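Student: Here are the chains, one letter per residue:
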Amino acid sequence: MSELAVSVVGMSKVYPVPFSRRAVVAVRELNLAIASGEVYGLLGPNGSGKSTTLKMILGLVPPSRGRAEIFGRASSDVASRESVGFLPESPYFPKYLTGTETLRFYGKLCGLRGERLRARVGELLELVGLASAADRRLSGYSKGMLQRIGLAQALVNEPRLLVLDEPTAGVDPAGSRDIRDLILRLKERGTTVLLSSHLLEQVQEVCDRVGILANGVLVREGRVEELLAVENQTELILENAPAELLMQIAALASTSGARLVEQRKPQTTLERLFLEATQPEDSSKRRTSNAEHRRSD
Amino acid sequence: MQQQQHRAFSFRRVAAIASITLTELTRLRVFYVLLIFALVLIGSSMFMARMTFQQEFQVLKDISLGAMSLFTSILAIVGTARLLPQDVDDRAVYTILAKPVPRFEYIAGKLGGVLSLLAISMLVMTALFCAVLFARQQAVLAATAHQMTGLPPQELSDALANVRASTFNSSLLPAILLVYIKAAIVASLTLFISTFATSTIFTIVVAVFVYFIGHLQATARAFWLSEHGGGWASRTFLAVVALLFPDLQLFDGVDHLVAGTAIPMALFVKTAALGCFYVVIYLLLATAVFSGKEL
Ligand SMILES: Nc1ncnc2c1ncn2[C@@H]1O[C@H](COP(=O)(O)OP(=O)(O)OP(=O)(O)O)[C@@H](O)[C@H]1O
Ligand SMILES: [Mg+2]
Chain A
1 MSELAVSVVG MSKVYPVPFS RRAVVAVREL NLAIASGEVY GLLGPNGSGK
51 STTLKMILGL VPPSRGRAEI FGRASSDVAS RESVGFLPES PYFPKYLTGT
101 ETLRFYGKLC GLRGERLRAR VGELLELVGL ASAADRRLSG YSKGMLQRIG
151 LAQALVNEPR LLVLDEPTAG VDPAGSRDIR DLILRLKERG TTVLLSSHLL
201 EQVQEVCDRV GILANGVLVR EGRVEELLAV ENQTELILEN APAELLMQIA
251 ALASTSGARL VEQRKPQTTL ERLFLEATQP EDSSKRRTSN AEHRRSD
Chain B
1 MQQQQHRAFS FRRVAAIASI TLTELTRLRV FYVLLIFALV LIGSSMFMAR
51 MTFQQEFQVL KDISLGAMSL FTSILAIVGT ARLLPQDVDD RAVYTILAKP
101 VPRFEYIAGK LGGVLSLLAI SMLVMTALFC AVLFARQQAV LAATAHQMTG
151 LPPQELSDAL ANVRASTFNS SLLPAILLVY IKAAIVASLT LFISTFATST
201 IFTIVVAVFV YFIGHLQATA RAFWLSEHGG GWASRTFLAV VALLFPDLQL
251 FDGVDHLVAG TAIPMALFVK TAALGCFYVV IYLLLATAVF SGKEL
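Chains as they are written, first to last, in UniProt numbering: chain A, 1 to 297; chain B, 1 to 295.
Quick caveat, the hints were computed from the structure, so don't treat them as lab data. Take the hints with a grain of salt, since some may be wrong.
Claimed, not checked - A few chain B residues that don't get close to chain A, going by computed Cβ distances all over 10 angstroms:
| # | residue |
| --- | --- |
| 1 | A16 |
| 2 | I120 |
| 3 | S157 |
| 4 | S199 |
To be verified - Cross-link-like lysine-lysine pairs, in silico, DSBU-like; alpha carbons within 30 angstroms at most:
| # | chain 1 | residue 1 | chain 2 | residue 2 |
| --- | --- | --- | --- | --- |
| 5 | A | K187 | A | K143 |
| 6 | B | K270 | A | K143 |
| 7 | B | K293 | A | K95 |
Unchecked claim - Beta-carbon label-pair distances, calculated as ranges:
| # | chain 1 | residue 1 | chain 2 | residue 2 | range |
| --- | --- | --- | --- | --- | --- |
| 8 | B | S19 | A | S76 | 20 to 30 angstroms |
| 9 | B | V208 | A | E205 | 29 to 39 angstroms |
| 10 | A | R113 | B | R221 | 48 to 58 angstroms |
| 11 | B | T26 | A | R118 | 20 to 30 angstroms |
Every value quoted in this text rests on a predicted model; they were computed, and no experiment measured them. The beta carbon of each residue, even a glycine, is placed where N, CA and C say it ideally should be.
Use the sequences and the hints to build the structure in full.
Tutor: What follows is the structure, encoded as structure tokens:
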């Protein structure tokens, strides 16, 4: 197996409850091994410990027990965050800064400067579709726009590991599709992505592997296809099939000992319907015009 | 992208955080309200009732340096108290610390931002103060020359030199610098308090409390020593008190100025060094508490 991007061994987190002898166990005895280049999805209901896990991996919160490593370096070591990008859940940034200023600031923290910094900031604003809002203060940004700036900020140092806590929360369907495409593109370039979400469909589309957390315990883990495949069934989708053909198929199936479980018209997803209805022209135009409409100040 | 070796300390990162903090602070309205208030106070000292010119200049310096001291101390407390809680509320602290930024650099950057703001305000106030002082000096010089027409030139030039000496003298700059250093101590102390405080109000109340105790400390210490003598237990106790409550009165060089006595250079250097020591100690304490903090 290739180098591990993230390795978590026996990690637990216990939060004391003030004025009480009880304590909240946010994460219990967690083990994770994420290979370099993999897209890993952490799933789980609210309060199951997803964010806590990510913060411990990034060294923002010290684990009560166990340890975490990024590319072989302990998370408690500042240098382990050299090639990491993090988007926290519902991020807010200093409100008085513009989009450009915000990205320049994070770029500087990663050691970028001069022409390289300027170019990178422009590139990122373009990438997340905020070029037209670059010089407006973040106090006037919508929730989805803040999420996009957060994503751009996470990418500023071209990280080898990208950690996203609910990257699509508050983002419209087109935006979340952009984020999904972006993750797939990063994956092609070999970036490891670790994301948390409770939007199962999206996770299914991008992740190689998923882990499901419940009450701080990893209850399931595996490759998406393996977890989801119903091994003994096959789906056929036919176009313009006459009624006789369908009857023949049903007959054939019964003679060979198989059972036709269900016959139905496939449905388009609500997402596809939404996308078709909201963007008649090409998508790059849509983003800018959308941004323009939202803030007419 | 080519990755450079990570540096344990990078001045650039601290500067980036300091400059973002400075921007944040200059966008606070309270800063301008306070600054204008201080400037009005300094400006108004121009029109103070006066008996002799010595008294006039004394009052002028007293008011101006007092205004500077009060303004920078309030700003140091109010400006610093919200810095860390704000970032935690915004979750900006997560994004900053998820970059290769050591916590010391983060805290140092925040303090750097406040100190820059205090420096800028000091410069503005000092500029106005000097302008007022210069204007009054010129007026008094002209009046003196006018009154003394006909007297021997030696006497006149003595009188004029006397006026000059009681305006811009060698104690003025040290006194101003000490006001700044005092504000820096208050700022780093407030930053330290805010690392363990549970609310901004708590931070402000404690900082103000320490500020007042700090001004009374010297008197209290003298009293304690006279009561308890200088045994080692009593000295240790006083050292702890001195660490928690810096003797802020030391930095009020204005007393010297008003009394017309020069601030000895050695005393100034010693006091300034002590001030820097306090700033660094509080910075390190703040880093220590902040490093162990659950974010
Ligand atoms: N700073 C904290 N102090 C005390 N308890 C905490 C703290 N942070 C998280 N917890 C607790 O830890 C548990 C896990 O929280 P966490 O934020 O990791 O959940 P999550 O899976 O990210 O949920 P969500 O889907 O709502 O974002 C929760 O029970 C939460 O109350
Ligand atoms: Mg969460």
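Student: If you check each hint against the structure, which ones fail?
Tutor: Structure breaks hints 1, 6, 9.
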